[in-house]
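Colleague: So you can see what is in the structure, the chains are spelled out below.
2 protein chains.
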Amino acid sequence: MRITTVGLDADDTLWHNETLFRLTHARFLALLEPHADEAALQSRLAEAEQRNLRLYGYGVKGFTLSMIETAIEITHGDVPVRVIREILAAGREMLTEPVEPLPGVETALAQLSEKYRLVLITKGDLLHQEQKLAASGLGDLFAAVEIVSEKDRGAYERVFSRHGTGAAEAVMAGNSVKSDIIPALEAGAWAALIPYPLVWAHEAATAPKDHPRYRELASLADLPGWLDTLA
Amino acid sequence: MRITTVGLDADDTLWHNETLFRLTHARFLALLEPHADEAALQSRLAEAEQRNLRLYGYGVKGFTLSMIETAIEITHGDVPVRVIREILAAGREMLTEPVEPLPGVETALAQLSEKYRLVLITKGDLLHQEQKLAASGLGDLFAAVEIVSEKDRGAYERVFSRHGTGAAEAVMAGNSVKSDIIPALEAGAWAALIPYPLVWAHEAATAPKDHPRYRELASLADLPGWLDTLA
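Just so you know, the protein sequences line up as chains A and B, in that order.
Take any residue in the first sequence, count from 1 to its spot, add 52: that is its number in the working numbering.
Take any residue in the second sequence, count from 1 to its spot, add 52: that is its number in the working numbering.
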């Protein structure tokens with residue numbers, strides 16, 4: 053089997069992301085604690101995020117707008133303006149948070165880049181993803197960066213034809229079964245799940261454990277070894 | 053001179069955009085009218101937009117967040133929550149506004165697409181730009197779509213090598229001297245300015261009237277003719 057191209061997810065595969073969302077989420081709950089029931093607040097925010105996804109897409113700006121909307125709606129407009137100001141600040145802080153590669157990522161990417169064309173494939177805010185890649189110091193290891201609005205079968209087909217030799221000679225590695233694994237397999241690529249301790253509710257899905265082109269790995273450090281066994 | 057590739061800006065070149073921002077801007081002023089001096093409000097919003105550009109990038113979500121921030125700051129937190137709810141609604145409406153190609157655009161693109169590879173090159177929110185292109189019905193005329201975080205010389209060099217035969221055999225057409233003309237000329241491409249009646253303050257710049265590879269056109273309908281004279 054010939055593999056020429058490795059697609060890599062960014063958030064929660066190369067660096068922490070969901071942790072940061074959870075921390076901001078907790079800060080949001082604490083801010084609203086005097087004004088709204090916690091369980092109701094959680095479900096209203098999840099609903100707003102889901103409802104706004106088709107308008108706002110993925111990323112911090114949309115999340116910030118959904119938090120503000122939820123704070124207003126759940127209090128029937130009685131939320132103190134000070135709380136909205138805090139939500140805005142929390143969003144801005146997420147956008148300026150330092151980016152640290154996860155342990156072992158840098159070495160694994162350096163190894164992979166000697167044999168394969170590396171393509172970063174991620175969704176989220178275009179500018180913010182580019183800034184995180186620059187801040188991570190990993191940018192030079194990638195032959196291409198594709199920020200897409202949705203990770204579906206068509207997106208993987210397009211990206212792997214554009215930057216590689218087609219999906220059949222590519223492997224996608226990431227932490228989301230729904231976004232990184234299933235559509236990449238559908239496109240005809242290989243796929244490696246590298247679980248992150250937290251999964252965003254929207255991304256939850258069951259891994260296709262018996263698929264012949266699928267493997268779950270403990271960390272990105274195991275990817276070069278798996279690819280060697282395929283050769 | 054051989055031209056193989058035509059880059060086209062989207063907002064205010066293919067369809068109205070600044071008009072929609074101005075309408076929302078007017079709505080924002082009207083909402084805050086009882087709470088803040090209009091001239092001060094205008095300049096505070098412009099400052100917030102400029103300051104947030106490096107964090108939020110271009111597009112409706114960032115504009116919405118800057119309006120909310122300005123409404124809170126200028127009233128020292130005394131803005132009614134109802135006003136913030138209205139700002140959120142105005143932002144959502146911008147994202148769902150119907151998209152109509154400007155007069156003559158469809159015919160001009162159809163003509164151009166027979167001889168040249170058309171590439172849409174735009175900044176803004178990734179998802180929103182894709183949605184506008186889909187809603188415009190113009191998507192099939194383009195060989196490629198590139199949504200970039202900043203339109204600078206490097207972006208044009210990359211895009212015209214990736215999707216064409218290099219910048220020297222490409223022309224960029226758009227309404228912004230700062231974003232569409234100057235950096236495209238710097239990259240070695242030709243450039244056609246197609247003025248739109250309104251220009252965002254951030255994009256104001258002086259046209260390089262005497263540049264040998266530059267031309268100002270009255271409308272996109274004049275682009276095929278100009279390209280014929282170059283051949």
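Honestly, the hints are just simulated from the structure, not real lab data.
Idealized CB from N, CA, C, for every residue including glycine.
Incorrect hints may appear among the rest.
Distance windows between CB atoms, simulated [claimed, not checked]:
(1) L250(B) / E202(A): 31 to 37 Å
(2) R214(A) / R79(B): 37 to 43 Å
(3) A82(A) / E255(B): 38 to 44 Å
(4) A98(A) / A187(B): 54 to 60 Å
(5) R106(A) / Q163(B): 32 to 38 Å
(6) A259(A) / R134(B): 32 to 38 Å
Colleague: Hints numbered earlier in the text: which of these fail when held up against the supplied structure?
Modeller: 4, 6
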